[in-house]
Every structure is written in structure tokens, then in C-alpha cells.
Amino acid sequence: MAVVAIALPLVLPGSYHQHVLVLAGIFVLMALGFDLVLGYLGELSLGHAAFFGIGAYTTALLTRSFAVPFPVDLVLAGLFTGVFGFLIGGPSLRLKGPYFAIVTFGFAEILRLLALNWTSVTRGPMGLPDVPHAHLGPYPINTELGYYYVVLALIGLAVLVTRRLLDSTVGHAFLAIRENEELASAAGIATFRLKVVGFAIGMVFTGMAGSVYARYVHFVDPTALSFYFTVTVVSMVILGGQGSIAGTILGALLLTLLPEYLRVAERARLVIFGAFLMLAIVFMPEGLQGLWRRFRRRRTP
Amino acid sequence: MTAVLLQQVVNGVTIGVVYALIAVGLTLVFGILDVINFAHGEFYMLGAFLTYSLVIGLGLDYFVALAIALAGAAVAGLLAERLTVRPLQGRHMFTVVLSTLGLSIFLQNGALLLWGPDPREIDLGWGGQPLVAGGLVITRLRLTVLATGVALIAALTWFIRRARWGMAMRAVARNRDAAALMGIPVQRVYAFTFAVGTGLAGVAGGLLGAMFTIEPTMGEWAVVKAFCVVIMGGMGNVPGAIIGGVILGVAENVGAGFLPGGSSYKDGIGYAILILVLLCRPQGLFGRRA
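Residue numbers (this note's numbering), protein chains in the order written: chain L, 1 to 301; chain A, 1 to 290.
Hint data in this document are derived by calculation from the structure and do not stem from the laboratory.
Take the hints with a grain of salt, since some may be wrong.
What the hints assert, rightly or not - Taking beta-carbon pairs under 8 Å as the criterion, some of the chain L residues facing chain A (in silico):
(1) Gly97
(2) Ile238
(3) Leu262
(4) Arg263
(5) Val264
What the hints assert, rightly or not - Sample of chain L residues at the chain A side, in silico, Cβ under 8 Å:
(6) Glu109
(7) Ala186
(8) Ala265
Note that beta-carbon positions come from the ideal geometry of N, C-alpha and C, so glycine has one too.
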């Protein structure tokens with residue numbers, strides 16, 4: 001799997017396909033952060049794009065105004081987004097189910113309005129242009145290939161952290177919370193505190209995705225916080241199969257590649273995309289993961 | 001000062017009644033089907049475009065067009081329920097969120113393809129005539145919107161309280177299994193509720209569409225407003241949504257008039273109320289803690 005991921009852009013011809021791969025990678029990273037909340041804590045956040053935006057704006061501001069060098073701004077963007085995860089996750093996670101979904105949506109929209117209207121810092125709808133390319137020591141990262149490997153490394157890190165986390169007692173506690181929160185709480189698990197920590201960790205990944213995105217496209221504007229991004233990530237994780245790293249990655253790849261290559265359909269692109277989402281979830285409500293499991297079950301009686 | 005304030009309250013109530021119309025459908029569907037319909041705003045958009053086509057294209061009377069918009073959006077709602085909600089019954093809430101989001105993307109972009117992105121106006125000719133009463137000015141259109149909205153809400157309230165199907169809806173909301181055992185056709189109540197909700201959103205589109213411009217993306221705005229109102233009133237609470245709608249309309253209009261830089265943060269007022277209510281009183285302003 002790792003070998004395929006490393007070799008993939010080398011066999012694909014042309015920079016367009018590599019560009020799509022970089023985008024897919026950024027979405028995978030964002031989706032991994034999201035799945036930590038949906039798949040392992042069992043809560044649906046509808047404010048995910050806001051954290052992506054916070055990461056992107058943090059890097060844009062740090063590099064434009066203070067010329068902060070590459071890995072530092074990435075780490076700072078991740079941490080800063082994580083802090084926001086605490087601040088927003090803290091009060092929101094006191095709510096559950098549809099209430100949590102809607103309060104996170106509200107927070108995200110307020111942050112988007114802030115990015116749109118706080119013009120002295122964000123320049124409002126004009127956005128922040130000329131975010132400089134990343135440099136790793138003396139070597140500039142300025143090609144699709146370079147960014148692809150940066151994103152790939154971060155995905156590797158995120159998968160590693162998620163795996164380690166899930167294997168630890170904290171991870172077992174997460175699963176206990178997801179399956180039955182009252183029971184977990186009765187068993188002495190500090191459910192609320194753990195949920196906030198899990199949420200914040202997920203948001204660190206997401207902020208890093210935003211940071212790399214800002215570097216890669218050189219530009220951040222309030223659309224980075226738009227609900228459309230949230231919808232895309234929610235679709236990726238639910239379609240891939242929540243609570244599964246492989247499913248999440250597969251879903252993110254599928255839903256980045258599909259709209260990109262649907263560009264040939266031009267104006268009907270999003271109509272087809274919407275119809276696809278609708279039908280996909282109706283016909284396989286457990287996602288690709290569930291489909292795979294069903295397939296395997298049929299093969300091994 | 002008080003005259004300005006009063007004027008803004010009147011304007012706010014007019015918009016607020018339409019917010020209530022949109023939100024009532026969303027809250028009914030949540031209360032009875034346990035579904036958050038993210039495509040709700042698209043039926044508002046469909047209603048607006050239907051009204052536009054009938055009034056501008058065919059030259060029909062505005063009220064006839066509104067009635068057809070109600071029926072059209074209700075039929076579209078029946079189809080949507082059948083396609084995106086019913087197959088996922090008994091599944092996790094998240095799956096229906098995704099199927100309705102898919103429907104929303106489909107409808108919005110379908111409308112974009114059909115009608116293009118440019119804003120259009122439902123110009124009625126008589127809409128702008130001002131009516132003056134005691135220092136207050138209200139255009140004839142706004143008065144029409146207000147009166148139609150109030151009449152529809154009154155009719156709905158009566159229906160839910162007294163009519164046979166209204167009682168069936170309440171019974172299913174209270175306890176689905178018990179209702180089914182009493183011989184209430186639960187599936188049909190679900191479909192009916194969904195259609196009532198989308199139909200009301202459709203009329204709301206025809207009403208506000210005549211006051212502002214209409215465009216394929218207008219549904220996003222509507223669903224967000226409806227969320228704020230539904231949360232304010234308590235999810236599934238119909239009277240709460242009605243009062244919540246009016247409160248939001250008034251708060252936005254008064255806020256935009258008096259806050260510094262108010263109009264750019266006008267939409268933020270709704271979100272701020274939403275978050276405050278969710279954090280302090282998640283059961284809604286008028287709900288009792290379960």
C-alpha cells in the first residue's frame with residue numbers, strides 16, 4: 001500500500017494527474033481528522049471546514065507577515081487549530097447527535113463570517129494571495145510531486161497516530177464511548193474529557209491539511225471555510241465507511257477523483273455528483289467498507 | 001427613534017413569519033420522522049422558481065401561482081421522501097444526512113443548469129405600492145406576505161390540533177409503535193408530513209421570492225435560517241418554531257439597524273442566537289428538559 005502510494009505519481013503521466021493526487025491527499029488528511037470524531041467518537045461534526053480554514057489562514061498569515069519557515073508554520077497551524085478544537089469542541093461536545101451537528105455548523109459559519117468581514121487581518125473576500133512556497137532547508141518544494149510527498153508523509157503520520165491511539169487504553173475508551181456512552185461513563189471512563197481530546201487531535205490533522213493547502217495553492221480566501229468542504233469530507237467518510245482508516249482513504253480518493261474527472265461533463269458535473277451521493281448512500285448505507293465485508297462474507301461461507 | 005424601531009419591528013415580523021413557514025416544515029419532519037432534511041431549502045428554491053415561471057412566464061395571478069407552488073413543492077417532497085428517506089429507515093441518522101445533502105446538491109445544481117446563475121425578479125407590478133398607517137409604512141406586497149403567512153400558519157395549527165391526519169401526525173410523533181398498533185398508517189403519515197413541510201417551504205419561496213430576487217443558490221440561505229429557528233424553538237416543537245421565526249426576523253432587522261456595522265453581521269445574529277441557545281438551553285427556548 002505504502003509502496004503503491006509512493007510510486008503512484010511517478011507512473012502517472014503529466015502534472016495534472018499529480019495535481020489531482022495532491023488534492024486527494026489533502027482531502028485524505030482532512031478526512032482522517034474527521035473520522036476520528038465520527039468513526040471513533042460517534043459524533044457528526046458539520047463544522048469541519050472551519051478547522052481546515054483556520055489551518056490555512058494560520059499558515060498564510062505566518063508566512064506572509066513573519067516569514068516563518070516551512071515545517072514551523074505547519075506545526076504551529078496544527079497546534080493552533082488543535083487549540084480551537086478544544087475551544088469549540090469543549091462546549092459543543094456537551095451536546096449529542098443532531099444538536100452537536102448543528103452547533104458545530106453554527107460555529108463554523110460564524111468563523112466564516114469572521115474571515116469574510118475581519119478585513120484588516122483577512123482582507124475579506126479578496127483573500128490572502130502570494131503565500132510563499134515551502135522550503136525544506138535549501139530545497140524549495142514547488143512542484144506537484146514535492147507537495148504530494150509532503151502530504152503523503154503527513155498522512156503516514158496521521159495513520160500512525162490514529163493506530164497508536166486506537167491501540168492504547170484511550171482508544172479502547174473511545175470505542176466504549178461510541179458504543180454506549182452511559183455504560184462507559186459508569187465504568188469510570190471520563191467520557192467528556194476524552195471526547196474533547198479526541199476532537200482536538202482530529203482537528204490538528206485537519207489544520208495541517210489546511211496549512212499544506214495554503215502553501216500549495218498560494219492563496220486562502222473565506223471559501224476555504226465553506227460548507228461545501230464539510231459536505232465533501234462528510235461524504236468521503238460515510239461513503240468510505242466510518243471508523244475505518246482504509247475506508248476513509250478510499251472514500252476520499254474516490255470523491256476527489258470523481259468530481260475532478262467529471263469536469264468533462266462541465267456544467268452537469270455537480271448534478272451528477274449529487275445524484276451519485278444520493279444513490280450511493282441509498283444502495284450502500286454502510287459505505288464501501290460494508291460492501292467489501294458483504295462481498296467477503298459471500299465468498300467464505 | 002421609536003418610529004424607526006417600530007418600523008424595523010414590523011419589517012422583522014414580516015420576514016419572521018416567512019422564516020416560521022420554512023422552519024415549521026423542518027421541525028415537523030424532525031419531530032415525526034427523526035430526520036434532519038438538509039435539502040429543505042431546495043424546496044423553498046423550487047417554490048420560488050415555480051412561482052416565477054407561473055407569474056412571469058404564464059401571466060397567472062400571484063395567489064394561483066402560490067397555490068400551485070405549494071402543491072408542486074409538496075409533490076416534489078413526496079418523491080424525495082420515497083427516494084432518499086424511506087430506503088434508509090432504521091439506519092443511522094448520518095446516512096439520511098448524507099442522502100439529503102446529495103439531494104440538495106442535485107437539486108441546486110440542476111436548477112443552476114436549468115435557469116442559470118443570474119438573479120431574477122418576480123415583478124408583480126402592484127408590489128411596491130406603499131400603505132401608510134400611523135407613521136408606519138408597509139408596501140402592499142409586504143402586507144400580502146404577512147397576511148398569507150399568518151393565514152397559512154393558522155391553518156396548519158388548526159390542522160395539527162383538530163384534523164384527523166393532524167392527530168395521526170401527533171400520535172406518531174409521540175409514540176410510533178403505539179400509533180401503528182392503533183391502526184395509524186405510519187408510512188403514509190411520514191410521507192404526508194414530509195410533503196406538508198416541503199409544500200410550506202415552497203410557498204415561503206414564492207412569498208419571499210417576490211420581495212427579494214431569486215436564484216438557484218437561495219435554498220442554502222433558507223435552510224440555515226430554518227436551522228436557527230428550529231433550534232431556538234426546540235427541535236420538533238411547532239409552536240416554538242413559529243415564535244422562533246418571528247423572534248429571529250425581528251432580531252435581525254433591529255440588530256442590522258442598531259449594531260455598528262450591523263448589516264454585514266446580520267446573518268451572524270442568527271448563528272449567535274443558535275449557539276447561545278444550544279449551549280444554555282439545548283431543549284429550545286420553550287421546551288421542557290426531557
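Just pull the numbers of the violated hints for me, sorted ascending. 3, 4, 5, 7, 8
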